[in-house]
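J.: Quick note, the sequences are listed as chains A and B, same order. My numbering numbers the first residue of the first sequence as 1 and each following residue consecutively. My numbering numbers the first residue of the second sequence as 1001 and each following residue consecutively.
Calculated from the structure, these hints are not laboratory results. If a hint is listed, it holds; no wrong ones were tucked in.
No farther apart than 25 Å at their CA atoms in a straight line, the calculated lysine to aspartate or glutamate pairs in the DMTMM-like style are these:
hint	chain 1	residue 1	chain 2	residue 2
1	A	Lys266	B	Glu1295
2	A	Lys266	B	Asp1306
3	B	Lys1266	A	Glu295
4	A	Lys266	A	Glu204
5	A	Lys266	A	Glu321
Because the structure is a prediction, the values reported are computed rather than measured.
There are 2 protein chains.
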Amino acid sequence: MKRLRLSITGFGTVGQGLAELLVTKRSLLMHNFDFEVTLISVANARHGFIYREDGLDIPTLLELAASRRPLTAHPGVRHWENALEGLRATGGDVLAEATGTNLRDAEPGISHIRAVLEQGMHVITANKGPAALAANELISLAKQHHVQLRMESTVMAGTPVISTIREGMAGAQVRAIRGILNGTTNYILSAMAAGRDYAEALAEAQMHGYAEADPTADVEGYDTLAKTLILSALVFDRPLEPDQITRQGITTLTREHISRAISEGKRIKLVASLRLLPENKAKNAPLEARVEPVELPLSDPLARVDGVTNAIAVQTDTLPEVTIIGPGAGRLQTGQGLLADLIAIANRS
Amino acid sequence: MKRLRLSITGFGTVGQGLAELLVTKRSLLMHNFDFEVTLISVANARHGFIYREDGLDIPTLLELAASRRPLTAHPGVRHWENALEGLRATGGDVLAEATGTNLRDAEPGISHIRAVLEQGMHVITANKGPAALAANELISLAKQHHVQLRMESTVMAGTPVISTIREGMAGAQVRAIRGILNGTTNYILSAMAAGRDYAEALAEAQMHGYAEADPTADVEGYDTLAKTLILSALVFDRPLEPDQITRQGITTLTREHISRAISEGKRIKLVASLRLLPENKAKNAPLEARVEPVELPLSDPLARVDGVTNAIAVQTDTLPEVTIIGPGAGRLQTGQGLLADLIAIANRS
Chain A
1 MKRLRLSITG
11 FGTVGQGLAE
21 LLVTKRSLLM
31 HNFDFEVTLI
41 SVANARHGFI
51 YREDGLDIPT
61 LLELAASRRP
71 LTAHPGVRHW
81 ENALEGLRAT
91 GGDVLAEATG
101 TNLRDAEPGI
111 SHIRAVLEQG
121 MHVITANKGP
131 AALAANELIS
141 LAKQHHVQLR
151 MESTVMAGTP
161 VISTIREGMA
171 GAQVRAIRGI
181 LNGTTNYILS
191 AMAAGRDYAE
201 ALAEAQMHGY
211 AEADPTADVE
221 GYDTLAKTLI
231 LSALVFDRPL
241 EPDQITRQGI
251 TTLTREHISR
261 AISEGKRIKL
271 VASLRLLPEN
281 KAKNAPLEAR
291 VEPVELPLSD
301 PLARVDGVTN
311 AIAVQTDTLP
321 EVTIIGPGAG
331 RLQTGQGLLA
341 DLIAIANRS
Chain B
1001 MKRLRLSITG
1011 FGTVGQGLAE
1021 LLVTKRSLLM
1031 HNFDFEVTLI
1041 SVANARHGFI
1051 YREDGLDIPT
1061 LLELAASRRP
1071 LTAHPGVRHW
1081 ENALEGLRAT
1091 GGDVLAEATG
1101 TNLRDAEPGI
1111 SHIRAVLEQG
1121 MHVITANKGP
1131 AALAANELIS
1141 LAKQHHVQLR
1151 MESTVMAGTP
1161 VISTIREGMA
1171 GAQVRAIRGI
1181 LNGTTNYILS
1191 AMAAGRDYAE
1201 ALAEAQMHGY
1211 AEADPTADVE
1221 GYDTLAKTLI
1231 LSALVFDRPL
1241 EPDQITRQGI
1251 TTLTREHISR
1261 AISEGKRIKL
1271 VASLRLLPEN
1281 KAKNAPLEAR
1291 VEPVELPLSD
1301 PLARVDGVTN
1311 AIAVQTDTLP
1321 EVTIIGPGAG
1331 RLQTGQGLLA
1341 DLIAIANRS
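With the rest of the complex left out, here is chain A (with noise of 0.2 Å):
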């Protein structure tokens, strides 16, 4: 049986996720998938990197990040106030990276991924940030260490996205995408299709815990454009800049624009969209990216899609529409996106 060390750096919701699938998970990684893993090391930004040799006790771990202890009280540890030296100095086969999202310049987390695959590590990350602002850069990188960099989480977190286009679609070529990325902001349109008006459905949002306090980066729709611009990277492979990609969120939308919509037998949803213009397969035809609210007919299967749920659409040569509906956020799922990688860096080393 294959043996993975394994580093977490982020241990905020989506690393304690995986930390709590790799236990719950244990016998069916090893029966279904031929392999084990032992976490090596965990970093957060509170109490630096810890390290041990043996392998860290997860449960022990979950128990000192919920009673918001040091992580350095875990027995036999060896610490360093700084995740990246700490990574530096003890290595390991993977580099789980789920420190927070930062789309100014992408640190921490960008600077742990650079530093760990030059060591020959591999990664898989929820962090939007190195994915949206330098994921090609990465992934040749990546490819120039030989190992592999997987960010399945970055976009509608478990709910497979990046593989199924890249891998299960494999050989179709991406002429569009069209996706409903951001669940705040679909709770929000959603609760605004039911009759209330913006403010009442963002303070419904952030009572459920699916806005923060200050809901600009969902409802301005910069979380959305953080994913396009994963997308544009992973899947049509043209890095763009993120002012390259009109922008407008859901901020002066009215109950007036949402109930207009539905007398129309419409809906109105944040929508991301990619397309190469023309649609054609022109190897340099100019790839379109907008963030914006768009009028579906119902017959879109984007339409109805509601709530926090997530979905995308694929337009391919081969395949003319396939969509994916599913959850966008949480810890198991995120969690999930980061499981299925590590299972596929397992199968593939």
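The hints should help you fit chain B onto chain A, whose structure is shown.
T.: For chain B alone, kept in the frame of chain A given last:
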């Protein structure tokens, strides 16, 4: 660059669709996936098996097939009356098995597949017979000979379903699957929802080429049942016998059934369902399997899937529900599934 020597048995719509893609995708396969395919042999029922060591010319074969001339008219080929003998005598790296589906004994496909797996060839297939009647036996045989057997196109053609569930969602435990897996019946039910009666809708489907002159296999649910058998084996690892699946077709549905459902805000669909009872993680929970018309509320993602489009909704422990909607048939759509399987084999062999 890797070179794969490919054989195609069955040179009807599906086999020709794959062959056509091998021509149009040749440079994409070389540049993006670093391999080249040489088609060394082709068989059909009328003309037997032809082989050419240095490779067959695909445009010539497609022209012969289109004009219904014997494949043996291809220059410089060796010929066997029987595909099985030809395969045994000539070998290759991968067999694309694309003979017609036979749900009684899965012949001749199953014999082709068994023979080449034992010779150490990989297999990709769109043939539902062997997949429905013997998937697990054939997978074991493939493992034993250290080769791969992939069957993406047997369910929903090239819409990625099997790879998405088994690989994209790897590690998740599937608890239930529901699917609209037959385009003919879904076309008929959609036409009935638009006001036609059963006979009119069937005639319309036949006119468009969506239903055969004898529509029994589709409208009585046998085609959907075959796909349900495939999913029970590949997703749940629980091979079922046909008589373990409750089956009811759509022939007794009237326009009144359909319109009553619509007046209640519902749609009637022919739904394949598989679920573990009780829906928990128990290892030996029985698997319930049904093929029958079901009334779905409009909030169900399957309810609005109309025309020949297919869809599948998967419930797992980590992802509450993931739905995949896409084409379920077609020359290039089915060829696409075989192509994706071929790329997966090239990447991992």
